[in-house]
Amino acid sequence: MSHFVPKLGHWYQDCENGQLFEIVSLDMEDANVQVQYLDGELADFDLDVWAELHLRPAAAPEDWRSAFELDDADAPDPDGPMHPLEWGNPLSAIEPDTVLALDDS
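Number 82 in full-length UniProt numbering belongs to position 82 of the sequence shown; there are no gaps in the numbering.
Hints are not guaranteed to be accurate.
[Stated by the list, open to error] Just the calculated beta-carbon pair ranges, DEER-fashion: (1) Asp46 / Asn17: 11 to 21 Å; (2) Tyr37 / Gly80: 29 to 39 Å; (3) Met28 / Gly88: 48 to 58 Å; (4) Leu91 / Val24: 46 to 56 Å; (5) Leu91 / Asp30: 50 to 60 Å; (6) Ala51 / Gln19: 13 to 23 Å; (7) Asp30 / Ile94: 51 to 61 Å; (8) Leu91 / Ala59: 50 to 60 Å; (9) Asp46 / Gly18: 21 to 31 Å; (10) Gly80 / Asn17: 40 to 50 Å; (11) Asn89 / Arg56: 54 to 64 Å.
No lab work stands behind these hints: they were computed from the structure. Ideal Cβ positions, reconstructed from N, Cα and C, are used throughout, including at glycine.
Based on the sequences and whatever the hints tell you, model everything.
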């Protein structure tokens, strides 16, 4: 049984299945706790159900990217060239002479 009062932003581990989750929303008017598991899945618990869970406090995971399924390969290459958009280039505002592939000749 959980004797922990749910606190926003705190991490817990379910002792029955070993899953880590963070409390992301508390609604005391509706007696509802919303949690986000490490894989990104969201779940809602009533406070009555929360009291029946077998939980223990847990430290936040070191790899915060796991919920977003990010990998080191997804990160931009810091040594690669950077090509900003050419917003200040006056040539990008010039309209071509042909409209819809029709020529004036």
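Hints, one by one, checked against the model:
Evaluation of the 11 to 21 Å hint for Asp46 and Asn17 yields a pass: the beta carbon distance comes to about 19 Å. Restraint check, Tyr37 to Gly80: a C-beta distance of roughly 34 Å satisfies the suggested window 29 to 39 Å. Distance hint check: the CB atoms of Met28 and Gly88 are about 52 Å apart, consistent with the given range 48 to 58 Å. The hinted window of 46 to 56 Å between Leu91 and Val24 holds, with their beta carbons roughly 48 Å apart.
Checked against the hint of 50 to 60 Å, the C-beta distance between Leu91 and Asp30 comes to roughly 58 Å, which is consistent with it. Distance hint check: the CB atoms of Ala51 and Gln19 are about 18 Å apart, consistent with the given range 13 to 23 Å. A beta carbon spacing of about 58 Å between Asp30 and Ile94 agrees with the range 51 to 61 Å that was offered as a hint. With their beta carbons about 54 Å apart, Leu91 and Ala59 fall inside the hinted range of 50 to 60 Å.
Between Asp46 and Gly18 the beta carbons are some 22 Å apart, a value that agrees with the proposed interval 21 to 31 Å. A beta carbon spacing of about 42 Å between Gly80 and Asn17 agrees with the range 40 to 50 Å that was offered as a hint. Against the hinted window of 54 to 64 Å, the Cβ-Cβ separation of Asn89 and Arg56 comes to about 58 Å, which satisfies the hint.
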